[in-house]
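Chemist: Oh and the sequence shown: position 400 is 399 in numbering that gives the first Met the number 0, straight run, nothing missing.
Among these hints, one or two may not hold up.
In silico PhoX-like cross-links for lysine-lysine, where the CA-CA straight-line distance does not exceed 20 Å [claimed, not checked]: (1) K690 - K701; (2) K351 - K266; (3) K625 - K821; (4) K555 - K540; (5) K156 - K596; (6) K596 - K159; (7) K155 - K596; (8) K730 - K625; (9) K690 - K703; (10) K351 - K244; (11) K26 - K64; (12) K786 - K266; (13) K547 - K432; (14) K540 - K432.
Beta-carbon label-pair distances, calculated as ranges [claimed, not checked]: (15) I826 - S2: 50 to 60 Å; (16) Q486 - R811: 42 to 52 Å; (17) A24 - K351: 28 to 38 Å.
The set of hints was computed from the structure by calculation and includes no laboratory data. Ideal Cβ positions, reconstructed from N, Cα and C, are used throughout, including at glycine.
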Amino acid sequence: MNSEHRKPLPGTSLDYFDAREAVDAIKPGAYDGLPYTSRVLAENLVRRCDPATLNASLEQLIERKRDLDFPWFPARVVCHDILGQTALVDLAGLRDAIALQGGDPSLVNPVVPTQLIVDHSLAVEHGGFEPDAFERNRAIEDRRNEDRFHFINWTKKAFKNVDVIPPGNGIMHQINLERMSPVVHALEGVAFPDTLVGTDSHTPHVDALGVIAIGVGGLEAESVMLGRASWMRLPDIIGVELVGKRQPGITATDIVLAVTEFLRAEKVVSSYLEFFGDGANALTLGDRATISNMTPEFGATAAMFYIDQQTLDYLTLTGRDPEQVRLVETYARQTGLWADSLKTAEYERVLKFDLSSVVRNIAGPSNPHRRVPTSDLAELGISGVVENEPGLMPDGAVIIAAITSCTNTSNPRNVIAAGLLARNANAAGLTRKPWVKSSLAPGSKAVQLYLEEANLLPELENLGFGIVGFACTTCNGMSGALDPAIQQEVIDRDLYATAVLSGNRNFDGRIHPYAKQAFLASPPLVVAYAIAGTIRFDIEKDVLGIDKAGNPVTLKDIWPSDEEIDAVVKASVKPDQFRQVYIPMFEIKADDGERVKPLYDWRAPSTYIRRPPYWEGALAGARPLKGMRPLAVLGDNITTDHLSPSNAIMLDSAAGEYLAKMGLPEEDFNSYATHRGDHLTAQRATFANPKLINEMVRIDGKVKQGSLARIEPEGQVTRMWEAIETYMERKQPLIIIAGADYGQGSSRDWAAKGVRLAGVEAIAAEGFERIHRTNLVGMGVLPLEFKPGVDRHTLGIDGSETFDVIGERIPRSTLTLVIHRKNGERIEVPVTCRLDTAEEVSIYEAGGVLQRFAQDFLEAATA
0 MNSEHRKPLP
10 GTSLDYFDAR
20 EAVDAIKPGA
30 YDGLPYTSRV
40 LAENLVRRCD
50 PATLNASLEQ
60 LIERKRDLDF
70 PWFPARVVCH
80 DILGQTALVD
90 LAGLRDAIAL
100 QGGDPSLVNP
110 VVPTQLIVDH
120 SLAVEHGGFE
130 PDAFERNRAI
140 EDRRNEDRFH
150 FINWTKKAFK
160 NVDVIPPGNG
170 IMHQINLERM
180 SPVVHALEGV
190 AFPDTLVGTD
200 SHTPHVDALG
210 VIAIGVGGLE
220 AESVMLGRAS
230 WMRLPDIIGV
240 ELVGKRQPGI
250 TATDIVLAVT
260 EFLRAEKVVS
270 SYLEFFGDGA
280 NALTLGDRAT
290 ISNMTPEFGA
300 TAAMFYIDQQ
310 TLDYLTLTGR
320 DPEQVRLVET
330 YARQTGLWAD
340 SLKTAEYERV
350 LKFDLSSVVR
360 NIAGPSNPHR
370 RVPTSDLAEL
380 GISGVVENEP
390 GLMPDGAVII
400 AAITSCTNTS
410 NPRNVIAAGL
420 LARNANAAGL
430 TRKPWVKSSL
440 APGSKAVQLY
450 LEEANLLPEL
460 ENLGFGIVGF
470 ACTTCNGMSG
480 ALDPAIQQEV
490 IDRDLYATAV
500 LSGNRNFDGR
510 IHPYAKQAFL
520 ASPPLVVAYA
530 IAGTIRFDIE
540 KDVLGIDKAG
550 NPVTLKDIWP
560 SDEEIDAVVK
570 ASVKPDQFRQ
580 VYIPMFEIKA
590 DDGERVKPLY
600 DWRAPSTYIR
610 RPPYWEGALA
620 GARPLKGMRP
630 LAVLGDNITT
640 DHLSPSNAIM
650 LDSAAGEYLA
660 KMGLPEEDFN
670 SYATHRGDHL
680 TAQRATFANP
690 KLINEMVRID
700 GKVKQGSLAR
710 IEPEGQVTRM
720 WEAIETYMER
730 KQPLIIIAGA
740 DYGQGSSRDW
750 AAKGVRLAGV
760 EAIAAEGFER
770 IHRTNLVGMG
780 VLPLEFKPGV
790 DRHTLGIDGS
800 ETFDVIGERI
810 PRSTLTLVIH
820 RKNGERIEVP
830 VTCRLDTAEE
840 VSIYEAGGVL
850 QRFAQDFLEA
860 ATA
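Please work from the sequences and hints to get the whole structure.
Modeler: Now the structure itself:
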């Protein structure tokens with residue numbers, strides 16, 4: 000830490016770093032005009048930056064310049080077990096590589112405190128209507144993931160600075176919000192803001208507490224873990240003024256779905272958002288967290304709220320130590336992070352959103368920003384009662400209804416509302432339709448305690464919404480198997496079957512292979528759709544059932560009032576519940592004094608954990624960027640689910656065939672996500688989404704949907720994996736051509752690892768989502784961006800071409816993409832090199848994050 004600008008923090012025994020003093024010394028009065036984000040970044044610079052470059056970096060914040068890079072040093076790294084495990088597999092592989100080159104492997108450790116929460120491995124094999132569903136699902140999770148959990152248990156003993164929260168305890172974002180984030184740290188006598196990166200795109204959930212927390216890919220997280228700065232340029236910071244007051248009966252979910260549609264339309268991609276105004280002031284912390292959680296669905300990087308009384312009340316409610324709550328207030332008031340101090344903040348762009356305009360909403364059928372008012376469903380042709388045969392599922396059948404995801408289960412109002420609606424439905428004699436697989440998977444054990452306190456858990460259980468796990472389940476594609484008879488009927492009748500969930504993701508093919516599409520909805524609406532049993536139903540007007548007195552029951556008859564919801568929340572959600580859950584959870588530590596070998600003993604037959612191949616094969620060779628053939632020509636909005644799906648593995652897939660060959664029974668194939676520690680399985684997930692549209696693949700002149708490719712120059716259409724295998728055998732360098740927003744969605748590093756291992760050297764697209772672009776750089780794949788007005792259509796690319804890239808690779812330079820057509824024609828196209836910083840150029844030239852670190856480590860060891 001620098002000593003300059005270090006001062007005593009009034010009323011405490013701690014010091015703090017006075018960013019106001021440092022900023023105002025450069026330009027008097029400038030600090031008052033800085034947005035919240037810039038104030039936190041300024042403190043980070045003052046405390047951690049090289050004094051020789053401090054003023055130049057601060058000037059970037061003051062003058063709103065974006066021409067120079069400056070370092071950011073997050074205080075923590077938070078991981079879920081999928082990307083967290085793969086990051087630690089990479090570090091274990093790095094230890095092997097260091098040892099082979101004569102270095103000391105035990106010195107390879109995370110430098111920054113790293114918290115890994117095992118929360119992405121549980122599948123809902125047993126629904127919430129089954130007895131002991133939680134215990135049975137957990138037993139299956141342990142059996143299927145024995146290899147993975149063995150490795151994770153080794154990491155917490157082998158690596159310094161790694162804490163592990165075992166499975167069955169909740170979702171990383173909700174645990175982060177309710178316990179892990181102190182908001183303000185007090186370490187080595189210094190108070191400073193909590194900041195973090197997390198290996199999940201929904202890490203901004205905790206932005207609701209005023210904590211800068213952004214989602215990164217596993218590769219960028221590894222770089223931060225190893226002590227390297229996260230280099231950035233000043234982000235576009237946009238003010239979002241919330242005005243008006245929400246209407247009665249409107250949930251935070253309804254608000255966030257409307258906000259998501261609004262912000263997507265306002266094009267806030269990669270921006271930092273700061274919410275303010277009377278509407279923001281009135282939102283509970285739970286409501287704010289519901290909004291911040293869906294930051295990636297806006298396309299943004301962060302969604303910040305300031306620190307105010309709502310923050311302090313929430314910290315108290317969730318059982319934080321009173322002394323810590325006082326520190327947060329003292330520090331925020333002293334340093335200008337308190338709400339009142341932000342009234343002078345200046346934004347280059349301000350958007351206004353009226354909360355009173357929000358109606359009851361769902362989002363779908365494919366994207367989180369495709370909002371549909373529930374009152375309009377019938378008019379759009381999605382709903383509307385249809386005649387169905389008795390004894391058969393209706394068209395539009397809801398086969399999955401899940402109260403899931405940290406998005407909503409971290410908000411007590413939303414959960415209590417679902418419980419009250421269930422109580423009212425039970426009293427009216429309504430029941431869940433028998434084909435609906437229903438479940439409740441909270442992100443925190445505290446949810447169970449306050450539902451029990453309110454006597455609402457039995458009401459939910461009676462409708463089939465018993466607790467199936469404390470984990471990220473349906474929202475992550477871990478919805479588990481359907482009843483075989485129901486699945487067969489969906490297949491035989493080719494039904495338009497759907498899912499309704501209270502999550503944040505509903506991309507095609509994500510939730511379940513037999514749910515053709517999915518809708519996001521508030522927890523009480525999820526319960527209502529389980530009763531309706533079909534999406535082709537006017538949820539606002541149609542009759543849900545007949546009560547015991549013979550009267551028709553509609554949604555308005557069972558929807559709880561806001562006053563009742565608030566009264567139950569106030570009476571039933573208590574600090575002791577959070578202390579009861581979290582104090583013992585965070586007392587779990589590795590056995591004191593226990594030592595393990597610094598090198599992992601890799602299990603040869605494992606399909607879950609395998610030594611990574613970063614120093615061999617395609618990754619060890621040069622990347623000449625010459626003679627590249629397209630592996631795929633893709634359209635807009637390609638998600639990481641298209642690139643590397645996370646859902647259940649099917650027997651007829653390339654990964655399924657491999658697992659069967661390795662001796663795994665089909666019932667234990669698990670998900671693609673859980674196998675990402677084994678590159679031989681994970682490679683076979685590359686472009687394995689059945690909803691993929693590769694424009695190179697045409698049959699009878701029409702583009703064919705599926706995990707397909709066309710091998711050139713033969714023109715042979717095959718499954719994607721066979722094409723990848725063929726090109727790997729030929730040592731054929733590859734390129735991907737794509738449209739806008741390439742790589743949106745989850746922050747999975749295997750969306751970059753898979754294509755690199757296939758031999759992809761470059762990706763030329765109209766635009767990239769932020770996290771995926773950094774993952775590509777971290778794997779040594781060159782991102783290239785077409786200039787405005789130029790795309791695959793204007794260039795007439797059909798996949799028969801070969802491509803070269805020429806020019807000097809410096810940050811955001813113009814390179815030349817040379818297209819060689821089959822007929823001998825040669826075209827030169829200017830493209831932007833999306834290596835955005837000097838650090839990224841350095842990482843790319845080294846071959847990737849791990850190769851770069853190994854070089855630096857060995858050079859330092861021999862210096």
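Chemist: Now tell me if each hint is right for this structure.
Modeler: Hint check results:
1. Using a Cα cut-off of 20 Å, the hinted pair K690 and K701 holds, with the two alpha carbons roughly 15 Å apart.
2. The hinted pair formed by K351 and K266 meets the criterion: a straight-line CA distance of about 14 Å does not exceed 20 Å.
3. A C-alpha spacing of about 16 Å is found between K625 and K821, which places the hinted pair at or below 20 Å, so the restraint holds.
4. For the given pair, K555 sits about 9 Å from K540 by alpha-carbon distance, which is consistent with the 20 Å threshold.
5. In summary, the hint linking K156 to K596 is supported, as the alpha carbons are separated by about 9 Å, within the 20 Å threshold.
6. Simply put, K596 and K159 have alpha-carbon atoms about 13 Å apart, close enough for the 20 Å limit, and the pair holds.
7. With a CA separation close to 12 Å, the supplied pair K155 and K596 stays within the 20 Å bound.
8. Restraint check: the Cα-Cα separation between K730 and K625 comes to about 12 Å, which is no more than 20 Å; the hinted pair holds.
9. Taking the CA atoms of K690 and K703, the gap is about 10 Å. The hint holds against a cut of 20 Å.
10. This hinted pair checks out: K351 and K244 have alpha carbons roughly 13 Å apart, not beyond 20 Å.
11. Simply put, K26 and K64 have alpha-carbon atoms about 14 Å apart, close enough for the 20 Å limit, and the pair holds.
12. Distance hint between K786 and K266 is fulfilled; the C-alpha atoms sit about 18 Å from each other, no more than 20 Å.
13. At most 20 Å may separate the alpha-carbon atoms for a hinted pair to count; K547 and K432 meet this at roughly 18 Å.
14. Of the pairs offered as hints, the one joining K540 and K432 holds, with about 18 Å between alpha carbons and a cut-off of 20 Å not exceeded.
15. For I826 and S2, the hinted distance range of 50 to 60 Å is satisfied, since their beta carbons lie about 58 Å from each other.
16. Between Q486 and R811 the Cβ separation comes to about 50 Å, which falls inside the hinted range of 42 to 52 Å.
17. At about 35 Å, the beta-carbon gap between A24 and K351 stays in the expected band of 28 to 38 Å.
Of the numbered hints stated above, none is contradicted by the structure.
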